[in-house]
Structures are given as structure tokens and as C-alpha cells.
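2 protein chains.
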Amino acid sequence: MNILVQKQPGIWMLRWGQPEEHVPSRQHYAKPPRNEAIGRLPAPPLPFEFGKIRFTPGPRGCRLELPMAAEEDIYGLGLQLKSVCHTGKKRTLRVNSDPVADTGDSHAPAPLYFSTAGYGVMVDTARYAAFYCGGQRRVGKTPSGPEAEGSIALDEEELYSSRTTDDTMMIVDIPVAQGVDVYVFGGPSMLEAVRRYVLFCGGGCLPPEWGLGVWYRTCGTHNQGEVEGLADELRREGIPCDVLGLEPGWQSRAYSCSFRWSPERFPDHQRMVESLADKGYRVNLWEHVFVHPSSPLYSQLLSRSGDFEVWKGLVPDLSTAEARKCFADYHRDSFTSKGVSSFKLDECDNSDFINSPWSFPECSEFPSGLDGEQMHSLLGMLYQDTIGDACRQAGVRTYGSVRSSHLFSPPQPFVLYSDLYEHGDFIRGVVNSGFSGMLWTPELRHAASAEDYVRRLQAMVLSPQMLLNIWSMPHPPWCQLDKKLNRAGEFLPAVEQERLKALTRDILRLRMSLIPYLYNAFAEYHIDGIPPFRALVMDYPNQEELRRIDNGWLAGRDLLAVPFTAGEAERTMPLPPGVWYDFHTGQAHSGDIHLKPSLETLPILVKENTIIPVAEATERVRDGMHYNLTLRCYGPKPRPARLFADDGHSFAFEAGRGFHGEVGADGVLPPELTTRYRVACVQRH
Amino acid sequence: MNILVQKQPGIWMLRWGQPEEHVPSRQHYAKPPRNEAIGRLPAPPLPFEFGKIRFTPGPRGCRLELPMAAEEDIYGLGLQLKSVCHTGKKRTLRVNSDPVADTGDSHAPAPLYFSTAGYGVMVDTARYAAFYCGGQRRVGKTPSGPEAEGSIALDEEELYSSRTTDDTMMIVDIPVAQGVDVYVFGGPSMLEAVRRYVLFCGGGCLPPEWGLGVWYRTCGTHNQGEVEGLADELRREGIPCDVLGLEPGWQSRAYSCSFRWSPERFPDHQRMVESLADKGYRVNLWEHVFVHPSSPLYSQLLSRSGDFEVWKGLVPDLSTAEARKCFADYHRDSFTSKGVSSFKLDECDNSDFINSPWSFPECSEFPSGLDGEQMHSLLGMLYQDTIGDACRQAGVRTYGSVRSSHLFSPPQPFVLYSDLYEHGDFIRGVVNSGFSGMLWTPELRHAASAEDYVRRLQAMVLSPQMLLNIWSMPHPPWCQLDKKLNRAGEFLPAVEQERLKALTRDILRLRMSLIPYLYNAFAEYHIDGIPPFRALVMDYPNQEELRRIDNGWLAGRDLLAVPFTAGEAERTMPLPPGVWYDFHTGQAHSGDIHLKPSLETLPILVKENTIIPVAEATERVRDGMHYNLTLRCYGPKPRPARLFADDGHSFAFEAGRGFHGEVGADGVLPPELTTRYRVACVQRH
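Those protein sequence lines, which keep their order, are chains A and B. Here this note's numbering = 1-based position in the first sequence + 279. Here this note's numbering = 1-based position in the second sequence + 279.
So here's chain A without its partners, still in its complex pose (with noise of 0.2 Å):
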């Protein structure tokens, strides 16, 4: 180790060797950290020795071993949909649209972990690294003397299983790189060192509130006039909406783009969004990064493209100022400036899992001296901070979805997504993705069963992002769940149509009541870098029961989330410790919880001495509305609930136009909250 610099208090760079040119922190999208912040946590120990770090380059790169205790669990690497806990267990970090196995592969990938034992590493490479989480042992470590025989195994399960008791160590395989830069977050508790790591990449993002309320992504095939029916259809029908996202057949040409409207499907483009904004509508794009020959972007990025194209389109160097300047200033001129909110960043990862692979090699070259590995890593960044320079030229603060991510993530104002669509995975994402400062949405696709449908929406109740995608079907899909039927124009039973839609209203509902509580969570997120959604172990680290839950999570300060899928009937889950509270029923609970909820409803507990601000639902979410509230007390002494004010959509919070603070059981709000909050009532459970 040549270089131990101390960043922040609590925050230390270790360099090894020559660090590689390209590497995350040095991209544009690194922001300054939010130091102030930092200075404010309590100052950590020396989470190990770091003496005992052994760093060993050679021709495949190099090689890192972390001392890693017994007793340690380790969390994070990015967005890991197959598990949660990573203690033995070997992840590779390739950026990938569809991993089906549990290697590490995955959309959003990040060199980045945090264990138990309160600490977080990140490993600064924009390469494929492979982790080895515990397990591994160096020859002649310890004695080892004979043994007695072993038991015989006779399955696969039992053959493979063999865990070890010692003390291990966590081995970093980074691909070609001969030095490399590793920040070591100190807690001491591990949401500590989860926070110091926000902080340190700027803070978590803040949305407006319109992002954090209901989505719905209209048909491929559907025109102006079908969106705006549709826009008129669920204003019509109560269900809440704020934004409308359009997919790929709003561009003349998609696969690659061309990023010009379709004069066929949308010949008044302008007067369509227009008029969807004086519906309460904010309008999304679908769009990827591929520039095709027939886009206007297409002669400009010629020369400042990769070498290889993908669907016959470029693909362009973002990591450059010129390729970055191009692409924004196009979107600006042409979207963010007339009325364009928002954006959905697909197809940014890689495809090594699907029949056709379609993205660009890894041994491609870009003019800006990364290759292909390195350009997957950190596409999916670039794209998002390119995208959102786009949005803040134009003075729009923006909110919107992408597929992949890496580090330094936090700030950003997207959320990620996937095509694979096992209801486990979708919820075990949210639990996985705030170790890394990433948002990941449970969207709903289409549903199997009415049951899937309602298990599906209610998941996304206390999650990053409410979306009704429904891309691949006319008609929503409480008129016909069954995609083909749906097409096809065959409608479910009066009365089926009207209970799934009265059970997507009070769903959605729900969601929009629980508004100015996420609010307030993304505002601790921004302010505090505490991540709004969070596994409970990030919590509760030494409660051995709850390191491995990976079906339920902790969304702002108090509430745990505990969603179903469908065939699921109950569940007996621990709890964290100290008395929790049904928060629709009021009941206690603690120590172990039997859960049995009826369809309608998504269990949530509530912390002891806690109290929830909850909004009377509205349909969508308008500039600078007053929420109106109902206090629920839970315990015999709460504490008084936080909640954030500014004028919710555009960037003065950043300027310290917002105010956080805090509300009691007395229900008197301080008169800086009054600006968007009116206290209606409160209850006490």
C-alpha cells in the first residue's frame, strides 16, 4: 500500500500500484461529497487493520485480500436480485440484462460492500472483479492435522455445503488493472458506514414529489389519440396517475433510435404533451442510448462512438465532454425544454443471458480510451447523468428509470428496472439495492392471477417507484390481466373489471397517502444519506434472525414492509427488536410476527412510539399542493414525526429553499411546514 489518505473523518483512500486511468471516481457524474453532512456522523474506529490488506498484481490484473472475520456478513455489490447475504459466496461483477443464476452478474453491478462488522468498501475499477465473500483459504494458514472421516453425503446439496468456522478473508480479483484505489467507510453501526458512503457520492437523490407518485407506461403500438384517451380514461376512473410513460413507438425509429417523434403515431407530438400537462400528466420517454443512421444525433457522434455498432446504431462515448454535450444538448433542445419530464434509460446494461446477444463487445474501443468491460460498467452512469444534465438545463427535476447503475449512484434521480419478472426477485431487489445507493422498482409487467396483480402492485407501495408498466398490452390491465385476451380485445367479467379496479384504486391510493412520509425519507436520504429503503440487517445488524430476510425492508425511519406474492398464504417472520405495530389495525406485536393478510391488504409494521403522517390520497401530485394529514400515533410516547417542505418540483431545495422538520402528537406543525401541510387530524393506536 503506497497511499492512505484520510478523505472525510470516518472515510480512508488506500492506493496500491498505478490505478488504471478509467476508473469510476474519476467520471464526470462523481459529484463533491457532501462533507458538512459527514462531519456530523459520529467518528468510527478503524474498522481493521489495515496492515493486514495484501495486494498482489500480476498479468490478469490484480489481487486483494481483506482480513474478513468469522462472525462477519457481507451486503451490497450493487443490485443483487438472487440473494441478499453474500458470506461465502463468489460474485462476479459483469453488467448483465438477465442473469438467471446467483453469480453476481447483474444490471447494476458495484464494486461495493458493506459488512456487520460496520464498515464498507469500495473498490474504485470500472472492470468485471470478482469477489470471493469469505470461504477461501490460503495454504498453511493455520495447522492443519488429520481428521476423523467425515460423514458421507448423498446429495448434491448436502456434498456442497461444507462452511468454514475461521476467520477468512474477502479476495478482489480485478481484471487487468495494476493498482487500484479502496475507500474504507467506517461506522461504527453499518448504517453508518451505508450512510458515510451516500454522503460521500453526494447524497442520496431527492425526486419531486410527481416522481413518487403513481406511473403508467402506455402501449407500444399506442398513438397520440390512444395515450390521451387513456389519459382521460384513468382521470375518469379515480386511478391516481402523475406520469405517462410512452415506449419505443413514440420515435420514428427505435432499435437503434433515431429520438424524433413518429410523424405517423405522434403528428402533434407538442399539442399532445401539452395537453397531457394541463391533465396533471408529466410525460416520459422510453429511449436507449443507440443512435441510428436516420437520428439527427447520428453525423455529430460519428466520429465519438465506439467501433462496434448495436442494433446498426452508435453507441456513444459518453465519458467524453464533447459525445455527453451533443446528447444533452439535443434532449434539452428538443424534449426537456418542451415539456419533457422524464425519461426511461433501457438497454444500457449487456446481454450475455439472452438468445441474441445484442450489445457491444467487451473488447470494444471508444475514442475516449475505455473499453468495451469498462464502457458497460459505467454506461449506465454516464447515461444518467447525461440525461440529467439535460433535464437541469431546462430546469426540469427530473425523476425516471434506467438499467444499470455502478457506482457513485446515489444523486442520481433514476430508478432501475428489469425484464426478468419472479415477484421473489423483484422484492428481494429492494431490499438489496440501498446497501448501494441504488432505487429499484417491483414494477408490475402483467400478472398471472389476480392475486399476482394485487401482490404485485402492493409491493410497490413503500418502494423507490409506483409503475403500472403496461407496454405490452392496450387496455389496463384491470379490464384483462391475460396479455393476448388483452389484445385481442376480450374484456374479464363486468364485475371481476370492477373489483380489480377498485383494488387498484385503494392500492394506488394508498401510495399517494403515504407521499409526505417518502417524501421525508428521500429528504433524510439526500440530507443524511440515509437510504430510504433498506434491508433490516442494515438496522439491525447483530440480530443474527433477521440477516438473511430478504422479503421484507425497512422504508424511511419506521415503517417495515412486509409484501406478499402470490401462493403465499402466511409467513412467520421475525421482527427487530422492541414492540412493532400493524399499521392498519394498531395491534403489537414483537418477537416473532404470523402473518396471515387477506388480499387487500400489504402487511406494514410500525415502529414503537412512532408517528405517521399520512395524506388524504389526491388523484396525482400538484406543484406545491397542500397535503392534508392524519397523524397515526403507534405506542404510548411518540416521537414526532419529520416531514420536508419546498415546493416539491423545482431545484430550490438546493439553494436551502426546503425545511425539514418536525411534527408531534399535538399536531402543531412549525409554520415552515405549513407552506405545504395541513394537520387534519390525529389518531392515536
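The hints are simulated quantities; they were obtained by calculation from the structure and are not laboratory data. Careful: at least some of the hints might be erroneous.
Here are the simulated DSSO-like pairs of lysine-lysine, each with C-alpha atoms no more than 30 Å apart in a straight line [as the list claims (entries may be wrong)]:
(1) B/Lys286 x B/Lys331
(2) A/Lys617 x A/Lys604
(3) A/Lys331 x B/Lys591
(4) B/Lys331 x A/Lys591
(5) A/Lys331 x A/Lys286
(6) A/Lys780 x A/Lys875
Far from chain A, by Cβ distances over 12 Å, these chain B residues were calculated [as the list claims (entries may be wrong)]:
(7) Glu328
(8) Ile332
(9) Arg515
(10) Asp557
(11) Gln776
(12) Glu824
(13) Asp861
(14) Asp871
(15) His928
Since the model is a prediction, treat every value here as computed from it, not as a measurement. Using N, Cα and C, we set each Cβ at its ideal position, and we do this for glycine too.
Starting from the known structure of chain A, fit chain B onto it as the hints suggest.
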């Protein structure tokens, strides 16, 4: 390109840059080419313009781009279980034991592919190279004008299925290496290109005749008495069997291995081995390469092993002469000179896809200078060759099992197998493995139903190894198919047991009756390089309809095996050109065939004008025994059948003491064949 060497007629070696030191061709296991046999193949044209190959070194390693025409289809890349034709796909050749997706991960990936255009390409690397098998396009390669608006996809499959009709390229992305040797194998036909590769590697293996008999792996918990009891039971029941395999329990310590007999379970192992030999059984021993501290090999290998342990055992560096000799000599002295004929070489692949990865990291270091990635690629081959030596030194012509392989495998007398167990994958493995000069068994481990059981047995009849791997059940499968019930000693009703036993017996007897035919197929593998089991496309590359057949294969020159899987009642498949006869009934077919086999029937088709020698089935192969043949003649003008005669069990054939001859429909054998064969009957169909 710096060097272009014509190695043998139709084989070119192309060198770029400075290849790595540790490559497959420089390992001890690379045998001398069979130049004389190569010289007998027709001279091929240059397969493509070598000048068009583009080589790009860079920090990640190096990239090759090879020309590829739009109509070419690509096959090979080692044992690939998930698809047969690789055109348009990306294949990353990571060594792995349980790959679950169609991405190139494999027990036995090999950087070697063959094209329907009639050539093969071998990339001499031990790196996890990635092959982009067409579909990629350089920017600016062809002028791209604006295109019509495409249709809008409404499901993911449609979205990602776009394919190009342009000429494309094969991209090979080789990590680390700054140079590489590429070997091009000319045809002119695809089969001839494959043959050239096999002969370049030293020709295919010729198993001892007993290796083509029936194998039965005994239960992991079995002790000496139980193994002997099983041996008696099989003979008593008239179940053919040549080889009994012992699982880890034969060792005093396994996972990792002591390589010593268990004094508890096998106190009198030498007597047992001899007694089994008296009953006509060969003994096969399970092991893996990882050396437990209690092993006599440990101290000798401590300084000759990698720096990381596996299951607390050493990973010996078998690429060094010292470790290799130590390991081989020990096996010779302890086992092969004491009556053991064969080994099952387990766990020599890698373990990314299972819950607790157990193998050494890719960033390991070995005394030879090999790193872990290279060692994973080569370990299976190093292990086979080392154990092969231990056998040869004791005069044992072996045939065994192995879980990993790579380039230069054809001469190795080992058959690949897997813990994965999807029957379709197992069948596909036979179809695929021939392209890479590998052998693969669709072994039986257990069965979900009687139908599954029978279909799995049938699929092995015309495969490299007929293996009942009953390691997880104490009683034969015909007593009870269900693992748990079998372990509990709860058997099927007697009638069902008798039915299953009779079905088993019939299938195994069919296998035994085909040994002369299969032995000749292996002789042609050895002498002429013709893979004994081949995809239809290998012999018929221009039949578009055969290019993706993954559930039937050619066995030997003249048979086409079409195994069925449980639940599959019927199948229509295209036949290769000409008339094909039902092996069992003699019925003639051409064009498409509709198959609806009864449970008892493995569909086998015979090429027109063929004589198939069918032997009287015996319960085992005896050294130097005579086969009583029925010559089954199909079609009006049957060509003579070929037979190979040597002693069947020694290395004498290598010194020319083997005879390859013919027998026509007159049934008259040349004198050299009469040493092993008698014609009992000639049947015309």
C-alpha cells in the same frame, strides 16, 4: 499476423504478437499429431482469406476478428449443454460445473469451433476467451441509410430477436494475452475439418472393450460387504455389468481426499478388488485432485501446489513434472498396479453457479507460473493425463470419467459427466461434444418416474458410456426409483420391480449387443479421427433443416439415435438425405419421419445399404472373448460392415497388433477378424 506455418496438409498455424507461456499446446498432455492419417485426408482449399483476420492487442488482452459469411453456422466450443448451434450468440468460455444459462460456461469449454463452411479454428489459449459468433458489426462497415419504421414488438422475445443477413465476423476476445496462436483446420467438409483436429491431437481414444460395457456406481455409504453383495446381486439377476464404481466413501477422508482406503469401510480392500475381478468386474475409484492433510501425498505436494486450498486440501500443480510424477506414481503403486482399472475424476472444473463455491480463485498462483484461471481451463486435461500415466505405467488400458476437459482431449480415455440433470441437456451434450473431440455420458442418476428411468437408460445405448450412477441410493433403481424410499428400504411392488428389471435388462443387453459396432466406431475415431457420436450437421452441413437438431445424433458411420425424454409421446424430425431404415423393424423412411416409440423402444435408424453387426448379448465383456454376430443388412446393396479386432484390453493395438477389416453380406470374415468374431447369422431387412 507474423507467422503462418503449414503444420500438416490442411492445417495452418497463424501467430500474432507474443503468445503466453502457458497455453494448451505446450502442456505435457499435447500428443504428437497422426501425420500419416492427416495426409490421407483430401487436401482442402484455404477456408477463408487469412489476410482478412484482424488482430488488436490492448490492455485487456487481445481481440481477433475473423471473417464469417452470413450463411455460416458455428458449432463446437467444447461441451455445451444448452444449445448446439452458436451462430449469433456470445460464448464466454468460463470453466464451471453447473452452468444454468446458455452463455458458454461449461465443464469443458474449448476455444475451438467449426463452421458449416468446412473449416475449424482452434485458439491456443488457457484464458476464458469470449467468442461472439456473428451478429456484431463494425461502425461504418456498410453504408447505413435511413430505414423504414420497424414494426413495434410487444414481447421481450420479439424485441431481442433481430438478426442480420449481412456477412459478419467471429470476434474472439482473449483476456490477458498479448499474442496468440490460431490453428485453422481445413475440410473441405465440416467432418473432415473435425477429423483433422482429432488427428492433430493424436487421434481419438480407443477404450478397452470392457469400457463399452455397463457401468454401475455403488452407493456412497456402501462398505466392502455391500459392494460385494451388489456385485453378486447383479450377476444373479442377469443384469449386465462390467465396471463397479466406488464413490467417496472408499477413502478414509474425502472432500478433500486422503487417497487411502477407509480402514473402517474397506478393511480388506485388496481381497475385494480381486474377488470382484474373479466375478468379472473392473473397479473404478472416485476421487478429486484436492489433497487432504492426512494423505501420504500431502507433504510431497505442499510446495508443488497452488496458494489456495480447496476443502482444506492442496491443489497440486500437475503442470509441473514433479507434482505430476508424484501423483501418478502414487496412483500406480497404490491402485493401478493392484487391480484398479479406472477412476472418476471429480470436481476438476469450477464452481461459480452453486450456493457455496468451493474451488480455488481464478487469481490463485501456482509454482509453474500458471494462474488460477489458466489452471481451471487446464486442470481437467492435466488430471486425465496424469491418471492416464498411472494406468499406462501399470499396463492398464483405462477408460474413466472426468468432469472437465479442454483442447487436445481426443486421445484421453475419459468421459465427461455433470451433476446437472435435465434430460434434454444430457442428450444435447452427446450431440455437441463430438465437435470438440470430447466424450460425454448422459448417465442415469435417478429418475422421476418409470418412463423417465427407461428413457434415460435408452439415451445411453448409443453413447460413449452406459452408466448407472446410483451413488445416492443403496438399492438398485429397479427396486425403488424414489431416493428417499430407496434409502428407507421401501421397495416398489414386486410386479413393478420385475417390470423395471426386465426393461433394464433389455436395454443393457441392447447396449452389449452393439459393442462390436461401437468398438469399430471408436477404432475409426482413433485411426481416422471420426468422432463416434456426432451431430447430424457434421455429416450433412448443407441440410439447413438439420443444423439445429439437438435431440438425435449419428453413432458410428451408419446409425442415427433418436432418444426420447419422459413426457414426449411423439416427434417429427427431418432425416438426412437418402433412405433410412428402422433398426428394429426394417421399415424404410425418407424425408420427415414421425416417431411414436413405445416405452420399450429406443428409435434407431440405419443408413441405407448398411450392414450392422449385432452381437449376442453377454453379461460382461471377457478379455479376448469371441462375439457371435448377426449381420443385419438394410437396403438392397449393403456395403460391408467394418470391425476392429485386437485383444480389447491391452496397449498392443498401439504397436499395430490390431486389425481393421470388413465383412460383407456373405458373412465371410477375413482371418484376422476371426480371432474375435464369428458370424452366426445374416439377416436381410
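Q.
Please verify whether lysine 780 of chain A and lysine 875 of chain A have alpha carbons no more than 30 Å apart.
A. 23 Å, holds
Q) Against chain A, does glutamine 776 of chain B keep a CB gap of more than 12 Å to every residue? A) 22 Å, holds
(Q) Please verify whether lysine 331 of chain A and lysine 286 of chain A have alpha carbons no more than 30 Å apart. (A) At roughly 20 Å apart (the allowed maximum being 30 Å), lysine 286 of chain A and lysine 331 of chain A satisfy the hint.
Q | Exclusion check [glutamate 328 of chain B not at the chain A interface, CB over 12 Å] | A | Since the minimum Cβ distance to chain A is about 21 Å, glutamate 328 of chain B lies beyond 12 Å and the statement holds.
Q. If you draw a straight line from the CA of lysine 331 of chain A to the CA of lysine 591 of chain B, is it 30 Å or shorter?
A. 22 Å, holds
Q. Does the claim that aspartate 871 of chain B lies outside the interface with chain A hold up, using a Cβ gap greater than 12 Å?
A. 25 Å, holds
Q.
Would the non-interface assignment of histidine 928 of chain B survive a Cβ cutoff of 12 Å against chain A?
A. 32 Å, holds
**Q.** Beyond 12 Å from every chain A Cβ - status for aspartate 557 of chain B
**A.** 27 Å, holds
Q) Taking 30 Å as the top limit, are the C-alpha atoms of lysine 331 of chain B and lysine 591 of chain A close enough? A) 22 Å, holds
Q | 12 Å cut-off, C-beta based - arginine 515 of chain B kept clear of every residue in chain A | A | 25 Å, holds
Q.
Run the distance test for lysine 617 of chain A versus lysine 604 of chain A: straight-line Cα separation, threshold 30 Å.
A. 18 Å, holds
Q | Consistency of the no-contact label for isoleucine 332 of chain B, given chain A and a CB cut of 12 Å | A | 15 Å, holds
In this structure, none of the earlier numbered hints is contradicted; all agree with it.
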